[in-house]
Amino acid sequence: GTIAAGVAKAYADLITISGYDGGTAASPLTSIKYAGSPWELGLAEAHQALRANDLRDKVRLQTDGGLKTGLDVVKAAILGAESFGFGTAPMVAMGCKYLRICHLNNCATGVATQNELLREQHFRGTVEMIKHFFTFVAEETREVMAELGVKTIAELVGRTDLLTQVGGRSQRQAKLDFSPILYQGPEHEGKPQLCAVEKNPPYDDAPLNQAIVHAARDGMVSGEGGEFHFTITNQDRSVGATLSGEISLAHGREGMANPIRLNLEGTAGQSFGVFNAPGLEMRLRGDANDYVGKGMAGGRLVIAPPEGSTFASQDTSIIGNTCLYGATGGTLYAAGRAGERFAVRNSGATAIVEGTGDHCCEYMTGGLVIVLGRTGRNFGAGMTGGFAYVLDESRTFVDRYNHELVEIARISTEQMEQYRAHLRSQIRDYAEATGSAWGQTILSDFESFVSHFWLVKPKAASLGDLLASSRSDAQ
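Counted from 1, the sequence shown has number 243 at position 243 by the numbering used here; the numbering is strictly sequential.
Treat the hints as calculated values from the structure; they're not laboratory data.
Values in this document were obtained by computation on a predicted structure and should not be read as measured data.
Any given hint might turn out to be false.
[To be verified] With a Cα cut of at most 35 Å, we get these calculated DSBU-like pairs of lysine-lysine:
{"id": "1", "residue 1": "Lys175", "residue 2": "Lys199"}
{"id": "2", "residue 1": "Lys9", "residue 2": "Lys151"}
{"id": "3", "residue 1": "Lys175", "residue 2": "Lys75"}
{"id": "4", "residue 1": "Lys33", "residue 2": "Lys68"}
{"id": "5", "residue 1": "Lys459", "residue 2": "Lys175"}
{"id": "6", "residue 1": "Lys68", "residue 2": "Lys58"}
{"id": "7", "residue 1": "Lys191", "residue 2": "Lys97"}
{"id": "8", "residue 1": "Lys9", "residue 2": "Lys97"}
{"id": "9", "residue 1": "Lys58", "residue 2": "Lys97"}
{"id": "10", "residue 1": "Lys97", "residue 2": "Lys68"}
{"id": "11", "residue 1": "Lys131", "residue 2": "Lys175"}
[Stated by the list, open to error] With beta-carbon atoms standing in for the labels, derived distance ranges:
{"id": "12", "residue 1": "Tyr98", "residue 2": "Thr316", "range": "41 to 49 Å"}
{"id": "13", "residue 1": "Val127", "residue 2": "Gly245", "range": "39 to 47 Å"}
{"id": "14", "residue 1": "Ala154", "residue 2": "Thr316", "range": "51 to 59 Å"}
For every residue, glycine included, the Cβ atom is placed at its ideal position computed from N, Cα and C.
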């Protein structure tokens, strides 16, 4: 409840309460069996806390985690939800057999895989299957609502008086106390039960984003591009997102052939370069917080220390945690260390950094990552595509990568010449773009450094296909 109130105060439009019974089958079995709580508990507490703090009318409440029937929908609405998430049940309707191998990219029914061959040979799902499932869920919901005497979901939200406790099948069940879930106190009297606004507007209108769009609009509309300079602070969040949206609307997925170049100085707030579109290049002199390049689809992000910096970039953090999450394209160069969970679920972007925290390249399915320094633990967990180069001067990487799905190889042997040339060209581009002293050091003595590099690839991938697949990702 306290967290939900904080999220609403942070101007979220929607809060999702996820129960333990849903989620990906790619999770460890211990997490599936023993982690999490029922959505009923979290939903009721969040709904009550939001009402008590006069926040319920500012944010929508959604719940998911094992919803399967119309009765589930009705119960969720009564406990405070006005939106309902379904994941597992529609997948089963499309043919999922619950094999719990989603993380292997080897789904036998072609549902949870990016392998085109498996999709073509085994996937039999259709739009009609999903439509039929939700039609039956909606029909059952309507029938239960009619029995309760309500006409709309809005009338149902928060009506805990409509719930009746059954006796239970055992003495233990009979002793269950549902009063915390059904609680309606004086602090809730007269308070709204559901969201009353379309959006929960933030305290500002993202002035830097608006200034960028205003300056770049003519070049964006004409397709001629342009170059602009701005100062950025850590209060400026999601910088570039608005312009990326405008580029996508005007030019589609392909973006702009003549890019818009933004040169920024300062410390960027959360989500710098989020959803970056092809045709947008941003260069930041300074550093950035978490989520840099999240979901980026193209373009280029270059982050380098301020002019005159004296610290060693390979030992200094320059971007935060969870950067490049879910990226599908583009290039990220950061002349410094990244935090934890770098390039998680990367499926097409190219990235070069000078060190990372734990869980780098987790669930990666495509693209290229080069780490010119130390990594944290659990590198490459669940990685089924793409590949990486890692500089391992301390000879500790063998104990830091996840051995389940990936394997490592040296590139200093004669048969790996094409990979050495590829790595050198990538580092050269990186050093030119960032001015990284560490990158220049590696290039100037490349023959010595190359013996410390590991190539990291999925066990199922062939060495002969990696470079070809990397180039196709870039296209």
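Outcome of range test on Cβ distance (Tyr98, Thr316; 41 to 49 Å): holds, 46 Å
Holds or violated: Lys58 to Lys97, with C-alpha atoms at most 35 Å apart: violated, 40 Å
Straight-line alpha-carbon gap Lys131 to Lys175, limit 35 Å: Given that 35 Å is the threshold and the Cα spacing comes to 41 Å, the pair is violated.
Whether the CB-CB distance between Ala154 and Thr316 falls inside 51 to 59 Å: holds, 53 Å
35 Å Cα cutoff - pair Lys459, Lys175: Violated - the C-alpha atoms of Lys175 and Lys459 are around 52 Å apart, more than 35 Å.
Pairwise hint evaluation, Lys97 against Lys191, where the allowed Cα distance is 35 Å at most: violated, 44 Å
35 Å Cα cutoff - pair Lys175, Lys199: violated, 42 Å
Hinted pair Lys9 and Lys151, Cα distance within 35 Å: holds, 32 Å
Proposed proximity, Lys68 with Lys97 (alpha carbon, max 35 Å): holds, 16 Å
Lys9 paired with Lys97 [C-alpha distance capped at 35 Å]: violated, 41 Å
Distance restraint between Lys175 and Lys75, which requires alpha-carbon spacing of 35 Å or less: Judged against 35 Å, a Cα distance of about 21 Å means the pair holds.
35 Å Cα cutoff - pair Lys33, Lys68: Holds. Lys33 to Lys68 sits at ~19 Å (cutoff 35 Å).
Hints 1, 5, 7, 8, 9, 11, 13 from the list above are not met by this structure, while the remaining hints are.
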